[in-house]
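Novice: Now for the letters of each chain:
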Amino acid sequence: MSKTVKPHSSKPLSDDQLMRYSRHIMLPSMDIDGQEKLWNSKVLIIGVGGLGCAVAQYLACSGIGQLTLVDDDLVDKTNLQRQVLHAENNVGMNKCESAKQSLQQLNSEITINTTEHRLGWAELSAAVESHDVVVDCSDNLDTRNELNLCCFQSKTPLVSGAAIRMEGQVATYTMQQGQPCYQCLSTIFGGSGDQKLTCSESGVLSPVVGVIGSLQATETIKLLAGIGTVLSSRLLMFDASTMKFNEFKVAKNPNCQVCS
Amino acid sequence: MKIHINGEPLNLENGASTEENGKVKDTTVADALQQYLSQKQQEMSFAVALNSDFVNKSQYANRLLKDGDSIDVLFPIHGG
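As you go down the protein sequences, you meet chains Z and U in turn.
If you read the first sequence in full-length UniProt numbering, its first letter stands for residue 1, the second for the next number, and so on.
If you read the second sequence in full-length UniProt numbering, its first letter stands for residue 1, the second for the next number, and so on.
One should not assume that every hint holds.
[What the hints assert, rightly or not] Per label pair, the in silico range of CB-to-CB distance:
id, chain 1, residue 1, chain 2, residue 2, range
1, U, Leu-10, Z, Lys-249, 19 to 29 Å
2, U, Leu-64, Z, Trp-121, 40 to 50 Å
3, U, Pro-9, Z, Leu-27, 15 to 25 Å
4, U, Asn-56, Z, Leu-27, 37 to 47 Å
5, Z, Glu-247, U, Ser-45, 18 to 28 Å
6, Z, Pro-207, U, Lys-66, 51 to 61 Å
Hints listed in this document are in silico derivations from the structure and should not be mistaken for laboratory results.
For every residue, glycine included, the Cβ atom is placed at its ideal position computed from N, Cα and C.
Just chain Z, with the same shape it has in the complex (with noise of 0.2 Å):
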């Protein structure tokens, strides 16, 4: 890890936890002291849509201590089909509080922050500079390099998530030395990056969102507990029409404006 996972303030699990959390604690690789990470860790959320709500799910259920989500946007009708944190009385609410009010439900003990607006450059590198690890759910290229700067800089593992239609992608940035950062998977697409291909233009398939998500808070948790192998310098698609999923290298760019 580039930047070590260590207990804000190091707060043991009570007997309840402990059975809460016992089908995590079972795992061998995770036990309690993995679980006592994810109760000690914080977790920063862009986006709070499609996939944000996927990821944010689960990593409430699952116990990381602090979760801080960021969105300026409203839970809209055409929201309802795939975010699945939004309730219908919630169409027009700001989504992180609407976000919050479902993930209270599922676990109280958590602590989660909201950020109603979007974030200036100082805002966001104090935001991700005070996390464990990022993960981006974001909608628009802009945000995702700003990010990924952010994220470089401060060290913070940053995991990446994309879908549209029936496809997504999957990608660890651990910013670590010699390990590529997202700029060197965009730079390989190159050319104008015109083709502003969001939901709202393209349509998504409700559960691909979900599956993405679901990849993304399992890269966290991973990230957090220190258990098994993250999808570093690795890209991985995953096309529902075809149920493939694909796994594509991702070297890091000698030239890349950001890493290197």
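Using the hints, position chain U against chain Z.
Specialist: Same frame as chain Z, now just chain U:
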């Protein structure tokens, strides 16, 4: 020459080592893209992987293909 592109079999028209003006011309990634992508797609931004390794755009015209190679053309995804 037979390759796979985005999982579909593709018979490359100009095959391996076709003669051109008496010289042997090899088949490259650029040839495969020319045949597989529409003109409009070729103008879009995309990434190409040859046997799961990304190929830099500057190498499309130089990277030689062989029978059985697998190419993936990926378009950027930013939705959330």
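Novice: If a hint holds in the structure, say so; if it doesn't, say that too.
Specialist: Hint check results:
no. : hint                                : verdict
1   : Leu-10/U with Lys-249/Z: 19 to 29 Å : holds (22 Å)
2   : Leu-64/U with Trp-121/Z: 40 to 50 Å : holds (45 Å)
3   : Pro-9/U with Leu-27/Z: 15 to 25 Å   : violated (42 Å)
4   : Asn-56/U with Leu-27/Z: 37 to 47 Å  : holds (41 Å)
5   : Glu-247/Z with Ser-45/U: 18 to 28 Å : holds (21 Å)
6   : Pro-207/Z with Lys-66/U: 51 to 61 Å : violated (38 Å)
The structure is inconsistent with the numbered hints 3 and 6, although it conforms to all the rest.
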